[in-house]
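A.B. asks: One-letter residues, chain by chain:
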Amino acid sequence: MPRYAMVIDLQRCVGCGACSIACRNENNVPEGIYWSNKITETVGTFPNVRYHYIPTLCNHCEYAPCVRGCPTKAMHKLDNGITMHDPKKCIGCKYCEFNCPYGVIYFNWKEPHQFWKNNKVLFKGGTSSPREEVEKVGAEKTPYFNPERGATLPANRPKGVVEKCTFCDHRVSKGLLPTCVEACPANARIFGDIKDPDSDVAKLLGKFRPFRLREQLGTNPHIFYIRDFNPAQYRPTKGGI
Amino acid sequence: MSEKKGLYGIWLVVLGIAILIGLYTALKIFIQGHGLFNTNDVIIWSLPLGVYIFLALTSSGLTLLAGVPLVLMVKKYEPFAKRLVFLAIATLLGAFVAIGLELGSVENMFWILFSPNFSSPIWWMGFIYSVELLVLIVKFWRMHKGDWHSGFSNALGVISFLLALIAPLMIGSVFGITESRVTYFGSMMSVYSLVLGLLSGTALFLLYSTIFHRVTGNGAVERQTPLYNEFTVIFAYVAGIAVVLSLVKFAIESASTVPEFLVYHKFEHAFGAWQGFHFEVLLGLFLPFVLLLIPSVRKSMGGKAVTSALILVGTLMMHMEILLAGQSHPVGPKAEQYPAFISYFPSIWEWLVFVFALAVMLLLYTLGERYLKLAEAPQ
Amino acid sequence: MKNEKNKIQSFVNGFRGDFVMTRRSFMKKATAATSTAVVLGGLKPSLKALAAAGEVSSGEMGEWKASTCQGCTSWCSKQVYVIDGRAVKVRGNPNSKVNNGEGCPRSHLGLQQVYDPDRIKTPMKRTNPKKGRNEDPKFVPISWDEALNTIADKIMELRKNNETHKYMLMRGRYSYMRDVLYDRMTKIIGSPNNISHSAICAEAEKFGPYYTEGYWNYRQYDVTNSRYILIWGADPVAANRQVSYYSSVWGDVIGKATIAVVEPRLSATAAKADIWLPIKPGQDGALAAAIAHVILTEGLWYREFVGDFIDGQNRFVADQEVNEEDFEEKYTHGLVKWWNLELKDKTVAWAAERTGLPADQIQHVAVEYAKATPHCISWVGGGPVMQVRGAYTSMICHALNGLTGGVDNVGGTLQSNKEYTKKFPKPNDYMDDIAKKGKKHEKIDQRGRLEFPALKKGKPGSAVVTNNAADGILNSDPMEIKVAIGYMNNFAFSCGQPERWERALSKIPFLVHITTNASEFSWFSDILLPDTHHMFEKWGYVKSIGNGYRHVTLMQPIVKPVWDYKIDETEIPWLIAEKLAERGFDNLLRHYKEYKDPETGKAPTNEKEFALYALKYATQNLWNPSQYKGGDKFNGWEEFLKIGVWNSDPYHYREHWGNMKTKTKKFEFYSETLKAALEMHAEKHNTTVDHVLEVCQYQARGERAFVPHYEEPFIAGDEKEFQFIFVDHKSRLNREGRTPNCSWYYEFKDVDPGDEIWEDVAKINPLDAQKLGIESGDEIKISSETGSLTCKAKLWEGVRPGTVAKCYGQGHWAYGTLAAKEFGKVPRGGSNNDVIPAVYDRLSGSTVRHAGTRVKIEKV
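In order, the protein sequence lines correspond to chains Y, R and L.
Quick note: the first sequence uses the numbering used here, first residue 163, plus one each step.
Quick note: the second sequence uses the numbering used here, first residue 3, plus one each step.
Quick note: the third sequence uses the numbering used here, first residue 13, plus one each step.
If you're looking for bench data, these hints aren't it; they were derived computationally from the structure.
Treat the numbers as computed from the prediction; the structure is a model and nothing was measured.
Among the hints, erroneous ones may be present.
Unchecked claim - To be clear about the criterion: a stretch of chain R counts as covered by chain Y if any three or more of its residues have a C-beta under 8 Å from a C-beta of chain Y, and this derived list gives those stretches:
no., segment
1, 37-44
2, 336-345
To be verified - Residues from chain R shown here face chain Y by an in silico Cβ test under 7 Å; the list is partial:
no., residue
3, Glu80
4, Leu105
5, Ser107
6, Ile114
7, Trp125
All residues carry an ideal CB built from backbone N, CA and C; glycine is no exception.
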């Protein structure tokens with residue numbers, strides 16, 4: 163059984179957010195919830211300023227606090243290392259969200275995709291209401307609804323349960339890369355089996371000194387970051403008094 | 003007497019209305035979801051959870067007190083035992099109302115039985131309180147039947163006492179194992195929960211008793227005054243421990259350079275903290291503690307009522323403060339979508355959940371007092 | 013306060029920086045935890061197999077179909093995932109060598125556009141005869157037939173009255189099917205007035221390359237072979253052009269090349285750059301002049317391209333003239349003239365004073381840049397050139413590529429590869445006397461007048477002056493416009509000082525808008541025709557360059573249309589032609605019937621056939637093996653359609669050296685080409701070049717007009733009242749200002765550095781904000797001499813003090829229910845164009861959007 167992991171090469175990352183938007187699309191993620199997200203920072207004072215971007219997603223921790231705390235095992239580990247959630251077992255206690263050190267779990271506070279239930283029409287007879295559009299297109303909840311997400315998880319999650327990144331387990335099981343990996347125009351995301359020494363992730367981890375988020379918590383996250391968002395050159399200096 | 007009857011009727015009507023409103027609230031939440039709460043993905047747990055913690059711990063406190071006559075066999079407290087057990091049951095049911103309306107998918111609760119996770123403090127907490135409820139009910143039934151000290155009955159008492167000791171520790175560890183939220187982390191939260199549970203349980207019993215005797219004009223009070231005074235001493239001791247714990251907590255918080263503790267200086271909201279002062283602790287714990295040190299206050303009915311009421315409200319607020327302070331800043335990438343600090347005030351629906359839980363509890367008190375001979379003691 | 017801020021900062025740092033556990037200890041732990049699983053030996057998926065994902069996999073429910081994205085003018089080849097006729101996902105087309113299968117963030121928003129409920133689903137007509145910003149048009153749905161009959165009647169009326177020149181066609185987003193509607197239909201009806209949007213795009217960007225190397229187009233940049241990339245106001249990993257390609261290689265590029273970004277705000281590209289040069293807006297020419305000065309005085313020019321002093325001794329010494337005979341040029345022309353006329357006194361100290369950049373930094377950048385010759389790039393974006401006087405900045409920034417030999421060279425700037433698409437049949441035989449006479453009138457944008465030289469490709473009056481058409485219409489000068497059609501344009505939002513367009517459009521008695529959404533332009537229209545979405549519903553093709561290739565990529569109808577849309581550039585003109593024929597004027601229809609299917613020789617009989625045949629006609633040299641000329645080879649139309657993109661042959665470096673399309677065939681530092689064009693224009697107006705320049709607001713006189721040179725910025729607004737220079741920039745998520753009706757736009761708006769989700773913010777340096785007493789989140793009003801907008805303030809260090817930076821895109825008061833705060837009335841956020849005056853770079857005809865105005869900021 164493989165152990166999936168992801169390497170994110172920050173030098174390649176251009177901070178465009180294509181990962182997050184494609185994720186929203188692939189996983190029918192509702193408004194306000196971000197399975198794929200980022201941490202940004204503007205450092206320095208004008209004119210010595212830079213902006214940094216660290217893409218984030220579920221870390222698929224080996225020792226996942228969300229899994230440890232879930233009372234019904236709705237949040238659980240798959241054999242391939244993916245931290246998976248089963249909304250049918252979820253009682254909506256939100257303890258996983260409370261427990262996650264990485265802020266990647268969200269709760270469905272209301273019925274998702276409410277915009278598309280709206281019956282308001284801009285021009286009577288000339289435009290459609292969101293609800294009419296979805297019905298006419300023949301989709302579920304949103305016109306661009308992706309039914310393939312439904313293979314391992316309700317394609318649209320109900321209100322009252324949490325949700326988060328699943329490493330696109332529905333794709334991975336079919337031999338497809340997670341959507342964020344495929345959609346990254348910068349090839350900044352490298353996915354694979356960390357146990358296989360010939361995998362690209364294993365090779366990269368052997369080449370760089372990666373860092374992980376909040377490593378000291380001992381969660382053993384499986385998203386590894388290599389290199390730096392801004393590898394800028396600068397003129398050598400010894401500083402001064 | 004008829005005036006009293008009239009008041010009793012009005013009281014029942016008020017509780018009935020509160021429960022109807024509560025049922026409507028439950029329906030509304032069930033249909034529309036928890037978007038009705040002033041929560042978000044940063045402030046995840048809010049007033050209903052705070053109320054649950056408060057009531058559940060209070061119930062444990064009451065059970066622990068009941069253990070004094072029932073487990074430790076201090077006979078002179080036996081006249082309080084049945085009422086204490088009943089109050090523990092009713093309070094716990096109130097807690098269950100609050101948590102039931104806090105859970106997103108309460109209909110999936112059966113998975114707690116079929117898919118238990120033994121490493122989850124939430125699971126243990128749910129399990130222990132469920133068993134506790136069961137045990138308390140059986141114990142109460144035995145006592146009601148006059149079986150106070152059979153082997154079975156005693157065993158029930160011991161079990162409930164032990165569960166009441168563990169349950170607060172579990173509630174504490176729900177927070178205590180969240181490594182990611184340092185303001186909670188550690189065993190302190192468990193000890194703190196236990197002490198606050200005992201404190202609010204004692205306060206509730208004292209307040210309840212004074213109000214009960216006042217309302218009913220029950221003559222028993224004269225006979226039991228010395229007992230209540232002793233209880234008040236226990237109360238003062240527990241408050242003292244809570245004061246010490248709170249001081250330690252403040253000291254650590256204010257000396258810490260860990261940024262998460264910043265919220266204690268920065269955070270202001272409706273639960274007592276204002277201008278950097280924790281008024282809920284000052285007015286809800288320190289002040290009553292000081293008052294309790296005065297013998298005349300301790301001995302007067304009014305003094306008991308005021309101090310216990312202050313402490314009861316204070317404990318709820320302290321639970322809310324702790325709960326919110328650990329959630330007031332977004333974790334990790336959530337800072338991208340949320341401001342650096344978030345303040346919270348409950349929505350009308352959250353208040354109504356609180357009202358519902360209280361109404362259920364109070365209705366049970368009222369009916370129990372009327373029909374279940376709570377003052378009974380073994381001959 | 014400060015301390016608290018630091019603590020919060022340290023929290024953020026702590027979040028990412030906590031790597032207490034070493035990798036070694038982690039690996040040990042991981043191995044221990046998982047070794048049993050290894051022993052038991054599960055499946056071992058091959059990552060190589062995973063990486064090949066993209067081919068249709070057994071588990072997939074739909075099919076990837078080829079199309080093209082026109083969200084920006086990168087014009088990437090795409091694939092759309094279609095399930096049961098419904099578009100579900102978008103990705104880069106792996107068959108393209110330009111975008112290499114890569115996508116970008118904005119492409120995904122196409123899905124929210126095609127299924128936007130606010131799209132017009134049927135033709136509509138205006139029922140309120142009064143037109144104006146405050147007049148609700150009261151649109152009601154009508155049939156296609158009624159709409160087309162009305163349009164045909166109006167056109168026939170013009171023909172009957174011999175005033176076909178009062179017909180006007182306005183073009184916005186186009187494919188190369190454009191000529192059907194834009195050119196042929198306008199000509200055959202008989203009007204000169206086909207007005208494109210090009211001048212609000214980036215024509216000034218093409219001006220510099222044309223008048224130095226004879227190339228009127230956007231360049232491609234050989235970034236992977238480059239050692240130094242000097243970027244002027246371009247943001248290649250975020251906005252135009254080839255965002256997908258540059259994003260895909262940027263991580264390698266920044267490892268190999270030094271990247272310096274000249275821009276007053278910290279752009280996405282600047283965030284990853286080695287050097288950020290936050291220049292004072294409008295002073296780019298000064299920096300370029302100083303860099304050229306350093307290159308020459310330090311003797312760092314590329315001798316194999318430029319040549320050398322005959323005796324090899326460098327005579328370029330500051331403030332000293334050089335004798336032209338002493339220098340022997342190779343592939344360039346006029347270097348010494350340029351030095352003597354412009355560069356000799358443009359020292360680093362001189363530039364430091366103007367640009368607000370430290371002198372030693374300028375010196376360092378210039379030297380390091382030149383040391384990388386010839387594998388270095390001076391990358392001219394829209395920022396420094398879409399300004400009053402931007403034409404010369406375009407020249408001087410691009411001229412650096414001549415000094416370094418980076419032009420047409422490995423690791424430098426490249427031209428376009430050859431492609432073989434075919435032009436549509438000529439209209440001449442179908443233009444009757446009315447048409448010929450009508451066509452001869454002057455154009456409504458007044459191009460070619462003394463004050464609008466608009467020198468596209470060396471020809472005066474050949475470039476469009478889009479934004480001035482509003483004034484032409486308002487003043488009925490040179491003619492009154494009676495019937496107008498606009499398609500996929502929104503000049504009442506996308507042009508500076510749009511209030512003029514609101515009045516101008518209100519004045520047109522009969523205005524038709526072909527559009528997907530009821531936009532600001534639609535608000536003033538009489539008839540709205542529902543347009544197809546280019547990526548999912550249209551037949552067409554576009555061509556684009558990048559990565560050393562050119563591709564021709566197809567767009568095709570690949571989803572079931574939800575409502576009754578028609579294709580703007582083919583179906584609609586055909587349907588109009590049919591209606592005109594019914595009314596006795598069949599020239600246009602007969603012309604369109606010439607667009608025969610190259611496979612069957614069949615003439616089109618309806619609009620659907622016409623749309624397809626026209627595309628097959630135009631692309632036949634690419635897919636018909638018997639007409640093969642180069643690049644990718646296909647065995648026929650079906651295969652081409654399936655692959656969706658044709659790639660050119662790879663780029664041949666240095667083919668243009670000595671063979672440039674300039675007067676001298678060389679890279680002109682002294683532009684004989686510009687000289688000829690300016691003299692031609694002056695002659696046309698019986699005046700001197702100096703007078704032309706004076707009228708057009710340029711500073712150069714005499715010979716200086718013909719060399720790349722620095723001109724002081726010309727920025728509207730009094731410095732005392734309007735203390736800030738307004739800096740406009742583009743968003744990663746803009747699909748040309750058309751995404752603000754998509755929720756994803758707002759949910760991810762913060763991918764633009766400094767911006768916020770669900771807000772429209774103006775970024776202000778904290779120093780300035782402090783003086784104004786403004787904090788982040790405050791509602792502010794930004795006003796210029798010509799207009800104002802309101803938005804939220806955002807304090808951000810990535811902005812030059814004295815400037816305020818704001819992203820273009822929001823501020824719609826129409827377009828849709830999400831785009832506008834209150835449709836037809838209140839904008840959501842503020843539109844940058846509301847503060848930008850209608851001013852021009854008159855040599856190129858470009859509309860100004862950068863360094864165009866000063867503004868004042870007030871708290872609301």
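A.B. asks: Hint by hint, note whether the structure agrees.
C.D. replies: Taking the hints in turn, this is what the structure says about them:
1. Check on the segment 37-44 of chain R: 5 of its residues sit with their Cβ under 8 Å from a Cβ of chain Y, so the three-residue criterion for coverage holds.
2. Only residues whose beta carbon comes within less than 8 Å of a beta carbon in chain Y count, and the segment 336-345 of chain R has 4; three or more means the coverage holds.
3. Interface hint status for glutamate 80 of chain R: violated, as the beta-carbon distance to the closest one in chain Y is roughly 37 Å, over 7 Å.
4. Interface hint at leucine 105 of chain R: satisfied, since its Cβ lies 5 Å from the closest Cβ of chain Y, which is below the 7 Å cut-off.
5. Contact between serine 107 of chain R and chain Y, as hinted, is supported at the beta carbon level, the nearest pair being about 4 Å apart and thus within 7 Å.
6. Residue-level restraint check for isoleucine 114 of chain R holds (minimum Cβ-Cβ distance to chain Y is 6 Å; threshold 7 Å).
7. Hint on tryptophan 125 of chain R holds. Least Cβ distance to chain Y is approximately 4 Å, under the 7 Å limit.
Hint compliance for this structure: hint 3 alone is broken.
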